Structure formats: C-alpha cells, structure tokens
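Chemist: Sequence:
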Amino acid sequence: MVHTDKLVKGMKFSYPGVFDFKEFLSLIKELFDRYDFDFDEQSYKTKSKDGLKTTSILWEFDRKYDDYNRGYIQIEIELSDYKESYVDGEKVVDGSLNISIDAEMKRDYEEKWKTAPTKRFFRALYDKFVVAEKQSGIDKELKNTVKSL
Numbered sequence: 008m009v010h011t012d013k014l015v016k017g018m019k020f021s022y023p024g025v026f027d028f029k030e031f032l033s034l035i036k037e038l039f040d041r042y043d044f045d046f047d048e049q050s051y052k053t054k055s056k057d058g059l060k061t062t063s064i065l066w067e068f069d070r071k072y073d074d075y076n077r078g079y080i081q082i083e084i085e086l087s088d089y090k091e092s093y094v095d096g097e098k099v100v101d102g103s104l105n106i107s108i109d110a111e112m113k114r115d116y117e118e119k120w121k122t123a124p125t126k127r128f129f130r131a132l133y134d135k136f137v138v139a140e141k142q143s144g145i146d147k148e149l150k151n152t153v154k155s156l
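Counting in the numbering used here, the sequence shown runs from 8 upward without gaps.
To be clear, the hints were calculated from the coordinates, so they are not data collected in a lab.
Remember, predicted model here, so these are calculated numbers, not experimental data.
Heads up, none of these hints are tricks.
Quick list of the computed label-pair ranges, beta carbon to beta carbon: (1) LYS135 x SER50: 34 to 40 Å; (2) TYR51 x GLU140: 36 to 42 Å; (3) THR122 x GLY24: 49 to 55 Å; (4) GLU37 x VAL138: 29 to 35 Å; (5) LYS52 x GLY144: 36 to 42 Å; (6) SER143 x SER50: 30 to 36 Å.
From the three backbone atoms N, C-alpha and C, an ideal C-beta is built for every residue, glycine too.
All chains should be modelled from the sequences, with the hints used to inform the complete structure.
Modeler: What follows is the structure, given as structure tokens:
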C-alpha cells in the first residue's frame, strides 16, 4: 500500500454573490497548469429546482515531483441556488460558491520499495535519515501551491 501524507485537509472557502463562474474555473485550471499539474474532472453535475440551479464539480490534480513523490490535490466546488444573467455582455452567476480542498503526497507511489521486508526497512531508513529535508521541501511546495489558489 502506498504511504500517503495528508498535507491539507478540508480547507474551505465560501463566496456569496455575483461572479463569472466560467472565468473562475479557468483561473483554477491555469494556476495548476502553471505548476505542471495534470487535470482530471471526476464529476460535473447540475440540477435545477424552482428556477434555481445547483452545480457540483469534483476535480483532481496530480503532479510527479520525482520517482518517489507524487502530489494530489482534490477540489470540490459547489455553486448552489444560482441564477444566470448577463452584465455588460458577460455571462455571470448570482449564487453561493463553496470550495473544499484536500492535498496529499503519496510516497513510493509505484510501490518499488514494498516488495520485500528488507526493502521496506531500507525505505523507512531512507525516509527518516536520507531525504527528510527534501521531503519537507516538496511537502512545503505542494502546500504553497494550494495556498496560492
């Protein structure tokens, strides 16, 4: 089993009001593209009720830092009770936006060090004494990427 370190858990943001939802989603994608993350849309659901819409989106971003570390960021976006309209020719939404972000670092994601007990022992030594500072730097980089959002 891959060793996983949770670096950001349940970071939440809320914004009620009027904004350009399409541009907002584009900005998120551009940010993670700038940091060389791969993008995967897990789900995109829209429901309508009484003239108001609710949209739920689940996105995952991942990046290979090296042969041992791979970062994963999961973003849940929920836009609830919104109406679409146009302001100055631009399509905007008026509703409540809620975002939840989780980030984790998967170590030995290809499970090269898992095959034998001696390899697991050496992996533990490697993690603790050889690359502890490097791991800390990589973890900090992933956290800073999330914070920059």
